[in-house]
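With these hints in hand, go ahead and build the complete structure from the sequences.
Listed in order, the protein sequences are those of chains A and B.
When you read off a place in the first sequence, starting at 1, and then add 5, the result is the number in this note's numbering.
When you read off a place in the second sequence, starting at 1, and then add 5, the result is the number in this note's numbering.
Fair warning: there could be bad hints in the mix.
Claimed, not checked - For lysine to any residue, the following SDA-like pairs were computed, each having C-alpha atoms within a straight-line distance of at most 20 Å:
#1 Lys268(A) - Pro264(B)
#2 Lys272(B) - Pro263(A)
#3 Lys398(A) - Glu279(A)
Stated by the list, open to error - Simulated coverage check for chain A against chain B, where a stretch passes if three residues somewhere in it have a Cβ under 8 Å from a Cβ of chain B:
#4 74-86
#5 194-202
#6 212-222
#7 237-251
No lab work stands behind these hints: they were computed from the structure.
Ideal Cβ positions, reconstructed from N, Cα and C, are used throughout, including at glycine.
Okay, here's what each chain looks like letter by letter:
There are 2 protein chains.
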Amino acid sequence: MERGSPGASRPVEPGPCLSSLRGAEPAASASTLSAARAQPGSRVIAVAAVLPAGGCGERMGVPTPKQFCPILERPLISYTLQALERVYWIKDIVVAVTRENMGAMRNIIQKYQHTRISLVEAGETRHRSIFNGLKALAKDQPDTQLSKPEVVIIHDAVRPFVEEDVLLKVVAAAKEHGAAGAIRPLVSTVISPSADGCLEISLERARHRASEMPQAFLFDVIYEAYRQCSDYDLEFGTECLHLALKYSHTKAKLVEGPPDLWKVTYKRDLYAAESIIKERISHAVCVVMDPKQDKEPVDHFLEALKNELNDVKIESREPGQAGRDIQQSNLEQCYNFVSMNIMMSDFQETRKLLHMLEESNLSILYPVVVVSGEQKLQESLRQGAIIIASLIKERSSALVGQLLVA
Amino acid sequence: MERGSPGASRPVEPGPCLSSLRGAEPAASASTLSAARAQPGSRVIAVAAVLPAGGCGERMGVPTPKQFCPILERPLISYTLQALERVYWIKDIVVAVTRENMGAMRNIIQKYQHTRISLVEAGETRHRSIFNGLKALAKDQPDTQLSKPEVVIIHDAVRPFVEEDVLLKVVAAAKEHGAAGAIRPLVSTVISPSADGCLEISLERARHRASEMPQAFLFDVIYEAYRQCSDYDLEFGTECLHLALKYSHTKAKLVEGPPDLWKVTYKRDLYAAESIIKERISHAVCVVMDPKQDKEPVDHFLEALKNELNDVKIESREPGQAGRDIQQSNLEQCYNFVSMNIMMSDFQETRKLLHMLEESNLSILYPVVVVSGEQKLQESLRQGAIIIASLIKERSSALVGQLLVA
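So this is what it looks like as structure tokens:
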């Protein structure tokens, strides 16, 4: 069992960052948390998370295990870790990976500056991997930096879009009921086939739910369940809530979760995840421009850009200020920079900005210079906004350095 | 009940077309079909399809019902209809749409030149819509062009990626067993909650399956089931196989289906569908070039393009010939045209080709001219291939008419 670099509690993300980018205001989550704290008899809870990541992703039809598949050049699991890291009250995150992927995982932790991560070796099956993670948390000894939590969250490496809100709900429910898990309505009817492959029973869809992640447990409840459960359970079981019920006699509280909790399973899910990430990192644009420029065309351009990008947050900076902010990564939440240069026909400022962005370790940026034509300025500005919006939304690396005419 | 224009048996598609574009060779399917015909005692079967399309798509979180959501500017349902139309042995396709969407549906049929389609009014629920479709097929009268089929396929408007292969399997199984349906392994464990929202039972995932579409039935089996079933079934039921079992005592044969059968339900599914369609229409490229050009750079370019686009089929045409083929839409399966113009520095040929493509009613095309730089030709060709591949894969309309430098 090894420990990742502790580092700062909130890293500078080299890759696109999700949670902070889709209106999950820190304020909101903080208040929800204090609400949870304010529950009768509740106090600050020691919470850790276990993330089984030993799967081989055979259903994906790609050689790479799905949790390591790149999305915008960043491995899927890194988005999931980031989502958990942003929840400051999760003290430790224990990730179970196979021996052959241990090195790759260490590199991911280093490259994306993940913190609070401990690695354990994955088992043959999902349940065995989770059990290994729990064991690491259980031994409350000086030789490890881990200490036994009161509540443990179990999540999947391939569910990158988990939000603080649902984590908070399952943790609070676990504290009260001993176990809790997120559920979703069924999309298809579930049936049970007979031995000869014919329909035996079809279940009433409305009476059943899909059991999703995250789940949370009082540590002793789930750890005891794993200690007592049979080899058959460890080999063929898929459901932690079931183990808690069967071996710790704990009926899990079921919490309705959002659709984005779905599990990245097939190639199409990678496509969907990439589109969701692209959409989420398109919500903030930093427009860098000389304040001495005419206000009118600038406003016209920003208006057009807003029309092209739905609910986009546009902040503008002066060139020098933008540089400082980028270096101090005060613009952590922004992955889109537009340099507006209406009057001057040289690109000095733009070049400076590009250089600074390339130096910085912000998200993968695909800088493209857009030149407005002189005549019909208004029309060019609208066209420019359309082009910029599509560059932001599609992030095609093949266009790096192209000159596009608006 | 109204009938769409019969038209040609195989329309010129104005929109991207799927089945023909992902290696489902007519030859292959024909042989499979004759294999089915060759079954002991079997003959050509009269087959029709019913497509309930009355849903309002509340889960999608968008105002438009999901079956009408555009993908590359073409409504989702049109892809599904196209997939069914390509199976020549499906005689009639009955679509159930709500009264308010009847007009929109008629426009889709006309715009995308769908054939063999009949429209009926959708009911309040999925089962009622299907029942309406079956009634339309049941009345074997002179005043309708529909005649009662031996086997009826029931499919969803929001499962656009259905292939002839699985349709053939369910139809053959239905003929033998009376009913058949496609199934998939469960992705999540299914649980049944108690009244107080706690875990009651969790089902063993390996013993259950998700019931998907398409399904097929001997017409009399499913029609009788619908005639006899209760109002409760029609209101709250979700599973046709269940009705066949309960009211016609017919145990459906379950057929393992491919993952692409999944049902477009959430916004992320639209993202996934769009990516799949983009990928599928990127598999064929028609390179138009003057045969008098140097062979070597051309070959180098085509090689580079092949490296960028996985398993792409590249056919080359001379300018004049390409023009004729486009006009006669002999290139129906191709949505990607690259005009190579290495030596000449004017764009006359390219302009001609563009004009012809714009005139033709082929798929939405986003023509972009790529100019290779003079020096380091080899490198430019590689760069050009990278740019062209990304244009083909991403199809960004915002880049129309741009000049990109390789």
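Among all the numbered hints in the text so far, which are the ones the structure does not match? Hint check: 4 fails alone, others pass.
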